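2 protein chains.
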Amino acid sequence: MTSGRQVTKIDVRPEWWDNIFAPSSCLVIITTVDHESRVNAAAFGTCTRVCHDPVHISFACGAVKDTARNVLATKEFVVNIVPFEQEILDRMLVCGLPFKAGINELEKAGLTPLASKTVKPPRIQECRSHFECRVAWTQPWLHRVMICGKVEAVSVDADCMDEKGYLVWEKAKPAHYCGHRYGGMFVPVYNAPTAAHWHYDGKDEEFRDDEDWRHAYSSTR
Amino acid sequence: MTSGRQVTKIDVRPEWWDNIFAPSSCLVIITTVDHESRVNAAAFGTCTRVCHDPVHISFACGAVKDTARNVLATKEFVVNIVPFEQEILDRMLVCGLPFKAGINELEKAGLTPLASKTVKPPRIQECRSHFECRVAWTQPWLHRVMICGKVEAVSVDADCMDEKGYLVWEKAKPAHYCGHRYGGMFVPVYNAPTAAHWHYDGKDEEFRDDEDWRHAYSSTR
Chain A
246 MTSGRQVTKI
256 DVRPEWWDNI
266 FAPSSCLVII
276 TTVDHESRVN
286 AAAFGTCTRV
296 CHDPVHISFA
306 CGAVKDTARN
316 VLATKEFVVN
326 IVPFEQEILD
336 RMLVCGLPFK
346 AGINELEKAG
356 LTPLASKTVK
366 PPRIQECRSH
376 FECRVAWTQP
386 WLHRVMICGK
396 VEAVSVDADC
406 MDEKGYLVWE
416 KAKPAHYCGH
426 RYGGMFVPVY
436 NAPTAAHWHY
446 DGKDEEFRDD
456 EDWRHAYSST
466 R
Chain B
246 MTSGRQVTKI
256 DVRPEWWDNI
266 FAPSSCLVII
276 TTVDHESRVN
286 AAAFGTCTRV
296 CHDPVHISFA
306 CGAVKDTARN
316 VLATKEFVVN
326 IVPFEQEILD
336 RMLVCGLPFK
346 AGINELEKAG
356 LTPLASKTVK
366 PPRIQECRSH
376 FECRVAWTQP
386 WLHRVMICGK
396 VEAVSVDADC
406 MDEKGYLVWE
416 KAKPAHYCGH
426 RYGGMFVPVY
436 NAPTAAHWHY
446 DGKDEEFRDD
456 EDWRHAYSST
466 R
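Just so you know, the sequences run in chain order A and B. To get our numbering, take the position in the first sequence, counting from 1, and add 245. To get our numbering, take the position in the second sequence, counting from 1, and add 245.
Check the hints yourself; a few may be wrong.
Treat identical chains as interchangeable: a pair holds within one or across any two.
[Said to hold, decoys possible] When the alpha-carbon atoms are kept at most 30 Å apart in a straight line, the in silico BS3-like pairs for lysine-lysine are as follows:
| id | residue 1 | residue 2 |
| --- | --- | --- |
| 1 | LYS448 | LYS345 |
| 2 | LYS254 | LYS353 |
| 3 | LYS310 | LYS395 |
| 4 | LYS448 | LYS418 |
| 5 | LYS345 | LYS409 |
| 6 | LYS254 | LYS448 |
| 7 | LYS448 | LYS362 |
| 8 | LYS409 | LYS353 |
| 9 | LYS448 | LYS310 |
| 10 | LYS448 | LYS409 |
| 11 | LYS448 | LYS416 |
Hints are computed from structural coordinates only; laboratory data are not their basis. The structure presented is a predicted model; accordingly, all values stated were derived computationally and were not measured.
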């Protein structure tokens, strides 16, 4: 457990699921199980929210990795969003070591499994939010496989979501992976969310008939 | 043009392409052309580097959007990485307005096309790096389509890459999209790249035989 953090996990209403995967791609640990219910956990920098409604999440994975094998066998996975906190980033790297199949990386890394609501793979207590997924489709190519899951349940640390269902960025602290060539380097992706502003002297006839272009970026907030 | 920025675009050697798409997912504008060579440009928060070698990039798109239609028709697209700079973020939102097919969003937004090296869609001068792609595969589902491209050429602003082919984070200033429900909000994803550190009292027999687990995260730097 992270030092002293005692926060309740709460279930997120389906209409707020899309708000909680933010930004649209961030650092995650994905948990899966094999046919003998043995847990596997691995970190991914390729995990992205790819459909708003119904919410779908995709990630790319080496085709021979335990994660790919387990997902193809069981059709389930859990996406756990990793906070930009040194202790958890450090433990995440242990998850990523090339352990043999059947070894539980959570135990090796000192991370805590927490039963999921709708699927067999566990959530990870130390992560801030959790997306329980069932496979929608998979696409193998070269030595890789793209996996896309439909979200079935979402939960979040109580202090990371406000009363209207939006992420509390500075508590959730989403992170991202700098990339393979940068070694074990990560960036915070929650600092100073900033609005862009647009101005266009438009004519209605330039736009698609069924689109309200003047309100294209209205927040639902 | 961004105020006063006069930087040469340089071609990136193939062995450095993977370094330059960093972090592994970030905010982009994707340019395409239709069969009459009319340019389309749209911003995406779902664009991710999904294979290191050869470098592949994927993104998800509404199936009826001009981008999807153009990519399916021509098999080409260019990924332009957007810097976290107010003026460009603001213009990017104009690209995202629901213009009719055949209208050139770059003209409407005041962004500058620059001929690509290997494909028909243009690069965008104001963006920091550019990934020219040919379609590897597409996967339609629901009202969406996932598009995955093999990278054919990469170019970058000269001041955004160091002499060893690594990204100069504070010049490139990659950004990300907070998400649909947050309106036109963006986060910087280049602040303070930070190393994680791992320690594991391991035994070789816990690890796959062909893996050098002690050097699992060695940077190539």
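Each hint tested on the structure:
no.: 1; hint: LYS448 to LYS345; result: between (62 Å within a copy, 11 Å between copies)
no.: 2; hint: LYS254 to LYS353; result: within (23 Å within a copy, 46 Å between copies)
no.: 3; hint: LYS310 to LYS395; result: both (21 Å within a copy, 22 Å between copies)
no.: 4; hint: LYS448 to LYS418; result: neither (41 Å within a copy, 34 Å between copies)
no.: 5; hint: LYS345 to LYS409; result: neither (43 Å within a copy, 34 Å between copies)
no.: 6; hint: LYS254 to LYS448; result: neither (48 Å within a copy, 35 Å between copies)
no.: 7; hint: LYS448 to LYS362; result: neither (50 Å within a copy, 35 Å between copies)
no.: 8; hint: LYS409 to LYS353; result: neither (37 Å within a copy, 35 Å between copies)
no.: 9; hint: LYS448 to LYS310; result: between (53 Å within a copy, 20 Å between copies)
no.: 10; hint: LYS448 to LYS409; result: neither (35 Å within a copy, 48 Å between copies)
no.: 11; hint: LYS448 to LYS416; result: neither (42 Å within a copy, 37 Å between copies)
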